[in-house]
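In order, the protein sequences belong to chains A and B. Oh and the first sequence: position 92 is 92 in the numbering used here, straight run, nothing missing. Count along the second sequence starting at 1, add 176, and that's the number in the numbering used here.
Hints are computed from structural coordinates only; laboratory data are not their basis. Some clues are possibly wrong.
Here are some, though not all, of the chain B residues that point toward chain A, as calculated from beta-carbon distances under 7 angstroms [stated by the list, open to error]: (1) R251; (2) P295; (3) C303; (4) Q624; (5) G728; (6) G732; (7) I733.
Bear in mind that the values here come from a model prediction, so they are computed numbers and not experimental data. Glycine included, each C-beta is placed from N, C-alpha and C at the ideal position.
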Amino acid sequence: MRRISLVATTLAAVLALTASVGRAVADGSGDPTAVKEDGGKWVDKSGTPTFHIGKDGKVDWYTFSGFRRYNADCIVCHGPDGAGSTYAPALIDSLKSLTYSQFVETVVNGKKSVNTASDLVMPAFGTNPNVMCYLDDIFIYLRARSDGALGRGRPQAHEDMSKAAKAAEDSCMGPS
Amino acid sequence: MRNLLLAGCIGAAAAFAMTAASASENLQKMSQNPKDWVMPAGNYANQRYSELKQINTGNVGKLQVAWTFSTGVLRGHEGGPLVIGNVMYVHGPFPNPVFALDLDHDGKILWKYEPRQDPNVIPVMCCDTVNRGLAYDNGKIFLHQADTTLVALDAKTGKVLWQVKDGDPKKGETGTSAPLVVKGKVLIGISGGEFGVHCRVTAYDENSGKMVWKAFSEGPDDQILIDPQKTTDLGKPVGKDSSLKTWKGDQWKIGGGCTWGWISYDPELDLVYYGSGNPSTWNPLQRPGDNKWSMTVFARNPDTGMAKWVYQMTPHDEWDYDGVNEMILADIDVGGKERKVLVHFDRNGFGYTLDRGTGELLVADKYDPKVNWATGIDLKTGKPKRVAKYSTEKGGENHNTKGICPAALGSKDEQPAAYSPQTHLFYVPTNHVCMDYEPFRVSYTAGQPYVGATLSMYPPEGDSNMGNFIAWDAAKGKIVWSDAEQFSVWSGALATAGGVVFYGTLEGYLKAVDAKTGKELYKFKTPSGIIGNVMTYEHKGKQYVAVLSGVGGWAGIGLAAGLTDPHAGLGAVGGYAALKNYTSLGGQLTVFALPGS
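Could you build all of it, start to finish, from the sequences and the hints given here?
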């Protein structure tokens, strides 16, 4: 079920992108400004998941959750805070051009660049609930990092997990 | 008679009078010829010590680069070459090329072997595609590939003699460790602790590749090759189901305890030694119990695999303090008595000295004063005295436990230490890094990361260096001298009879220091950061020192981007600058010698 809804969001994002041009600050998914919130989760004006950081630096739950999941499943290649390692790209740079749908596609299916000069391989995480159940969280976190809205290290303060977020996690991860 | 090399020689001669197959007698004998470097650690005792002394404290300052060689690979280069006679054998990270270089002809390539491996193994290697070295015995070179294939090559031609698949990368099982050949058997471990692999050490016949025994780190007694009555833990029989009792349900099946470190061997006691890694997952609340025998020192019979004794250093790990670091065997004076000891610098920050015949715990002290998760080790029970505020278990899921020292990469990782029988000191490359650790819920899928915690790492408060190179007295449990390094020291050390100790740094320096004082005598910046292990050999009357450069590994992840600095606001500056400002990718062997012929 989760996968189907992801595909749907992906399509929506692609459609939205083709329509949006000429913003002041934009990443691969367009203007990241949060315009709407539902159950603690924010979206930008094109409906793509995005971060929301209060004036006091307090981040939304998803940005924080993405920070945690990134550090468990992505850091071993992509380095701390999305800053890259000796053998995998800095995602804070990648997200400047990658769209939400490309991000999702790459995480689900993986990516390969094997030739005489490099042997970069990203695994497919499509079957890994620790990644798939938190795909938007990770995207939102990296988007905040990429846009410079969030600095390095652990976010200092964050909103509590909403009931909706908890229900979504339980249904995706299964009973604990 | 504190010199283990000599003691081992006499002991080996006596021991081998009994055995018909004397394969390891050859190796033991060969390792006593200081001109060669026949196994990754120099000798079975894992001492990384050489009797060569042409290069000494007086002349090492004149060292020059004699020749260089590129492996053509740009990933982290751990390990180091072997030298047997006039041939040097160089290995590299994935795709794991092996080169035989002719030392008589300026390193001309005699043969090259490069296996064909499915590149899908790359992303299931936890921390870069490293390979820690080759093994040699009876005219064969043994390579443990990334995809877990163990291959025997003809040392003269590079021709494949046999190969066997040890594990399945689709389940996250990978090969990074160097094999050790003991009595005609090739012993290899397996990697995959972050993928919930059920880890083990396996012995293969060196002539046929046929499996001889396999010993898991956790599970039923017949799978872990533990005899409930005969195998001891601190002198007492371990009893029935010693591992099963310490896991919830069948969690042991995805319990990790990986065996990706080094193996050593005592020919006289006829025991092999190695450590097991972290229990999977990193979330301790999801795996109640002591999780035996993860984080354990094993002493096993090399013919049968049966365990003589075990000792678990960190029961129920809460910090990823793998117990895989090398076991260095030496004969030293402890409390006025000469003891046959095993010395081990654990990731958990404690330097352990055990009686290697019985597993009795003699000394256990912090080899980095900043270690804080435990105040000490109870020598009677062997248990660490934990500090509640640094317990990630007590903090619970979704709680960030702060200021734990050392960080998950440990006060030392796989980079092997050296022992000099001249000074009776151990030379230890260390990490000086602390962390915040927050465990949370994870779910297991075969072949996928199974981590369950988020970490931030930074130097200890008040310090700006992330590493130290230290000299350690294993009888007293004391640091004798300590050289601060800006970054973690991730290179294996080499001690020599010339009174010089060598190591590499992440910026790429090969350094030579005085074994007695730690005073820096020489440094040279190689093309890339060093995570390889320094070795030495003699050719045509000349002593050479060699090391692989090629930054990467765990260090490449944690340090390439720089660590986060929670104290920056307090005025600590400069020391945490990113490694990428100092060095770049590489894959080169640099060989040093004194000028003149």
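Supplied contact hint for B:G728, tested at 7 angstroms Cβ to chain A: holds (5 angstroms)
Supplied contact hint for B:C303, tested at 7 angstroms Cβ to chain A: holds (6 angstroms)
Residue hint B:Q624, partner chain A, criterion CB-CB below 7 angstroms: Where the cut-off is 7 angstroms and the nearest Cβ of chain A is about 4 angstroms from B:Q624, the hint holds.
Less than 7 angstroms between beta-carbons is the criterion; does B:G732 satisfy it with respect to chain A? The hint holds - B:G732 has a Cβ within 7 angstroms of chain A, the shortest such distance being about 3 angstroms.
Given a cut of 7 angstroms on the nearest C-beta pair, is the interface hint for B:P295 held or broken against chain A? OK, holds: B:P295 within 7 angstroms of chain A, min 5 angstroms.
Cut-off 7 angstroms, beta-carbon criterion: hint that B:R251 touches chain A: OK, holds: B:R251 within 7 angstroms of chain A, min 6 angstroms.
Cut-off 7 angstroms, beta-carbon criterion: hint that B:I733 touches chain A: With a minimum Cβ separation of about 5 angstroms from chain A (threshold 7 angstroms), the hint on B:I733 holds.
In summary, this structure violates none of the numbered hints.
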